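Position chains P, V and Y relative to chain A; hints supplied.
Number of protein chains: 4
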Amino acid sequence: MCRWLAYSGSPILLEELLYKPQYSLINQSLHSRLGVEPTNGDGFGVGWYGVDRTLDAALFRGVGPAWGDPNLRELAGHISSPLFLAHIRASTGTPVQHTNSHPFRHGRWMWVHNGAIREFPKVKRDLVLAVDPALYTSIAGSTDSEVMFYLALTFGLRENPVEAVQRMVGFVEATGRRYGVEYPIQMSVGTTDGEKFWAFRYSSEGESRSLFFSTDMTALRQLHPEVEALRHISAETRIVVSEPLGELVGAWQPVPEATYGVVQKGADLMAPFQPIAP
Amino acid sequence: MCRWLAYSGSPILLEELLYKPQYSLINQSLHSRLGVEPTNGDGFGVGWYGVDRTLDAALFRGVGPAWGDPNLRELAGHISSPLFLAHIRASTGTPVQHTNSHPFRHGRWMWVHNGAIREFPKVKRDLVLAVDPALYTSIAGSTDSEVMFYLALTFGLRENPVEAVQRMVGFVEATGRRYGVEYPIQMSVGTTDGEKFWAFRYSSEGESRSLFFSTDMTALRQLHPEVEALRHISAETRIVVSEPLGELVGAWQPVPEATYGVVQKGADLMAPFQPIAP
Amino acid sequence: MCRWLAYSGSPILLEELLYKPQYSLINQSLHSRLGVEPTNGDGFGVGWYGVDRTLDAALFRGVGPAWGDPNLRELAGHISSPLFLAHIRASTGTPVQHTNSHPFRHGRWMWVHNGAIREFPKVKRDLVLAVDPALYTSIAGSTDSEVMFYLALTFGLRENPVEAVQRMVGFVEATGRRYGVEYPIQMSVGTTDGEKFWAFRYSSEGESRSLFFSTDMTALRQLHPEVEALRHISAETRIVVSEPLGELVGAWQPVPEATYGVVQKGADLMAPFQPIAP
Amino acid sequence: MCRWLAYSGSPILLEELLYKPQYSLINQSLHSRLGVEPTNGDGFGVGWYGVDRTLDAALFRGVGPAWGDPNLRELAGHISSPLFLAHIRASTGTPVQHTNSHPFRHGRWMWVHNGAIREFPKVKRDLVLAVDPALYTSIAGSTDSEVMFYLALTFGLRENPVEAVQRMVGFVEATGRRYGVEYPIQMSVGTTDGEKFWAFRYSSEGESRSLFFSTDMTALRQLHPEVEALRHISAETRIVVSEPLGELVGAWQPVPEATYGVVQKGADLMAPFQPIAP
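Chains as they are written, first to last, in our numbering: chain A, 1 to 278; chain P, 279 to 556; chain V, 557 to 834; chain Y, 835 to 1112.
So that you can see chain A by itself, here it is in the shape it has in the complex:
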C-alpha cells in the first residue's frame, strides 16, 4: 500500500535517510521488499519541523513517483530537520492528487498512514459525518487516511493521542462491521505534534503492515557506515520505518502486533494497542 518513515533526533539533511541508505525510502518507492505492492509511485510527501520548531511543519508533497522527482531531490539535499515524516503512496483506489498525498497536517500535527479502511466507499459517509463539524471543512482530499486523521482529531488527538487513535479505530471497526465488513481496518500510523512522535501498528485481522523502530544508535551506526551523518547524532535519535533501511541483524526492532510506541525526551515507550468501541 504505502511506505513511511519518521525521524526524531539531531538535525540531519533529509537526504541522509531519504536517499543514502541501501534500502532508502526513495529506493522503496520503486522496489519495496516488504510491502503488499512493490511499487509506491502514486505520490509522496515530506513534512518537517525547522531546527527551532517555532513554526508549524512545512509540507512538500507531489503527485508523481518519488524516485524521479527533481524538486524532492533538491530539497532533501538542502533542508535539515530534527523531526520529519516522509511517505510514499500506492493508491488503493482514491485519485492521485496533491490533497491525497501524505503527510496530512492540521495546526501543529502531522499524520501518515499505511494500510486501508476496507470497503471505504461503503462506510465513508458515516465516518465523515462523525467528524467534528468545525473540522469538516479542513478535509481537503478524498482518502481513507485523511478521514482517519480527522476522526482522531475529533476524538481528542491533541489532548490524548493514544486514546484518540484507539477510539478512532474502535469507531471505524464498529462502522465497518455494521456494513458487513469482516476486517474493517489495516494500519500503521505515525503522528506527531512537533515534540513527541507516536507510532501505531494494528489491523482488525491481526496481521498488520510491518513497522520497525531503530534500536540504538551504536547498532545503527554500524549498519550504515555509508551514512556519515549518523556518526554525529545524539543517542536519543530514533527512526521508525515501514521496512528496514538495511540488513544488519539486530539494528531494527519489529513493532509487535497491536502495539503503539512513543518517541519522546527520556525513555521511549511501547505498549499494547486496544481499540475502544464507541
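Simulated from the structure, these hints should not be mistaken for lab results.
Treat the hints with care, since some could be wrong.
[What the hints assert, rightly or not] To give an idea of the chain Y side of the interface with chain A (calculated C-beta under 7 Å), a few residues:
| id | residue |
| --- | --- |
| 1 | A892 |
| 2 | L893 |
| 3 | F894 |
| 4 | E908 |
| 5 | H912 |
| 6 | T988 |
The structure presented is a predicted model; accordingly, all values stated were derived computationally and were not measured.
By construction, the Cβ of each residue, glycine as well, lies at the ideal position given by its N, Cα and C atoms.
Structure of chains P, V and Y alone, referenced to chain A:
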C-alpha cells in the same frame, strides 16, 4: 470564476470552436474579456459524445492552463463530436486538481458551472449531507460546482432537469441564508444527457455571469468566415457560451437574467428560472 | 528500460490491447516480467491514426505512470484505430517530461524505442551534429531515442526505412566506439508511416531487448477469449510487443536477434538486420 | 514574457518578497502591469543559497502557474535566504517543462532571463554549436534563455561575468543578423555566483524589458510598512526586479537602457553595457 462552451449540432472537430475563433475558449483562458477574472488558468476539461452517441461521454481534463496543454491541442485536432462541453477554470479557492476540473460526469450526464456558492466552507457540510447517500461516494473532488451537480441529481436531474436545478438552487439559497449569507449562489450552468442540452443563468443578487446562445447559423457563418466547418453544418446547430466567440452584432443572443434554455430537436426553448424553496 | 506495443489491423478500441489482456501494457507499467526494470512509471504515450488515415497520427503523452492516468483510461475506452503505437517509459537518466515521452512524431511518421545509446552524454553532441540541420529544430526533447529517430530521418527513413535504420545504427556504433564505448547501442524500435509498420531488434552485444510478433489470429483468439474484439478482427491483424500479453504457447513468435520485420498488406516480412557503417 | 526578482541582503523568508508586497512576484504571475504579457503562468522557479552559503544553490521549479502552487507557498513560508532569485515564465514558444523553468544553475552559478532570442529556431543550431563541448551535455532544456547561459559560461562567465555576457550578446547578434534577423536579442538577465549579483538590461532595438533596483532601505521600508521583515534588514540589502513591488515614488530606480549593475559588498556599481562582436 470560469468560462464554458457547449456545442450541439453537426459533428465538428473540437478545434473548430476551441481554437479557431477570434475569441476562442482557449484564447479566453489567457484573456477573458467578460469574466470576473481575465485569466482562467486553473485547469480545464472537455467532455464529448461520440458520433453514434452509444457510449457515455468521454472526458479529458487537465490541471494546468488550457492555453499551453499539448494534449488538448492534439485531441481537439483529431476528435469530432456532435455534442460537447468545454470548460476553463479559475479557482475560487478549492485545489487545482483533476477531480476539480469540469465537466463532471455521472452516467450519461455531464455538468459545467461558472460562478460560486458563496462562503462554501460554511455551508458545505449541510449541502453534502443533503446529497442522496447512494450518490455520495461518487463525489470525487472538493468544489462547490460538483456538489451542485450531485444535489441536482438528488433532486431529480435525470427525470426533470429544470425542476431539479430549481430545487437545487432553492436549497442552496435556503442553506446559505441560514448561515447569514446574503447572496448564496451565482451561476451559469450547462448540463446534458447526450440528447438535449440545458443552460441556466441565475444568481441570488440578480447579476449573473454572462451567457449567450448563438442565434442562427446564417449569422454565425457570417461571423466566422475563418471557420470553414461552419459552412457545412446543419441549421439546428447551437452554441452556448460564457462570452461571444467574435464581435459581429446580432450573432449572439444574451440569455436574460434568471432564465434557462433547452437545446433540443425541433424548436429550442427559453423560459424564466425560478428557484424552488425546500 | 521501456515497453512498447504496435497494432495494425481492423480498427479496435485502444483499451482492448492497453487494458484488457492479462499482461496488458498498462499492467506492464507496474509489473513488467521481461524488462530490465519491472516498473515503467516515467511517462507514457500513445499515437494513433484515424480510421480513414487522412490526418497525421494523433499523440497523447503523459509524464506520470500510465497505470494511474485517468485521461489515458478515458481515451482508450473511446478511441478506435486501425494502427497505433503505445509506449511506457522507464527513464535511463533523461528527465521525465512530455517531450521525452514516446512516440515521437515527424509528419506522417512515428517512432518508439526500448533500450539505450550507451554513455549518451559522451556521444550526444556528435550525434546531434549529424542530424540534418533542417530537421534539427524539430528535436523537442532530450532523449537518446529521439536523436535515433532524427538520425534515421536524416539517413532516409521516409524513402528506405530499413536502410536508414541500418545506417543510423552503424553511425551510432562508430561514434560510440570512437569514444571507447564497447556496446554502443541496445534497441527494439517500432516505426510507421501510417501504412506499413517496421520493427527492429538489435544490440551491439547481441543480447537485445525482447520483441514478439503475434503469430496468427486463430492462436491469438484462443489466447484471449476475454478480449471480445479479437473475435471480429481480420486475419491480417498483427500485434508487435516487447513482451507477450498472455501465456498461451505458440501465440507469440519471438523476433530473433538482429532481425527486422515489416507488417504490411499481403505477406509480412522478416529478415536479418545488419548495421551499415558510415 | 517573464518576470524575475533578485534579493541580496539580510536573510529573510522568501514569502516576504514573493507573496507579501502589493505587487508581489506571485501577484505578477496573474496580473503583470509592465510585462508584454499580463499573465506569466508557464512555470516558475526559485533558487536560493543557504544562510552559510557553503552549499550550491537549491532549486525549486514548477511547470504550472506560480499563483496556485501549494508547494511554493509552503516553501516560501519556511525557507530563509540571504541571496535568492525567483522567476515566473511566459513561454515564447518552447515547451512548458521543468527543464525550461528558470533559474538555470551550473555549479555555483544561477541565471534568470526575461526576453527572447528572436527567431530562435533559425539560429539555435549555430548558437548551440558554439557552446563549449564540455558544457554541452549540461544543457537540459530547450529554451533560448538556457542557451544564453551556456554561451556566457563558454565565454568566461565564471572569470569575467560582464565581459562574458557582452561577448554572448555580441555573438547572438552577429549570428541573428547572418540569418536576417533585425533585432536578434531582447533581455533583462540576472546572474549570481552566490557572492555577488549581476543584472543586465539590453536589447538590439534599444527598447529593453523594464528593470529596477531598490534604492535605499529607508525608502523601501517606507514603501512597505506591511513587510515587517524589512524593518530589520541591513542597509546593504538590495532588490532587483522586472517591475516595482509597490508604488511609492523614489523607492525604485529604473535601470537605464544598455546598462548593467553589480550588487556586492561595499558600493554597488552601474555602468553601460556594450556587446562585444565576435
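Inset, instruction - Would you list, in rising numerical order, the hints stated earlier that this structure does not obey? - result: Going through the list in order, the structure violates hint 6 alone and respects the others.
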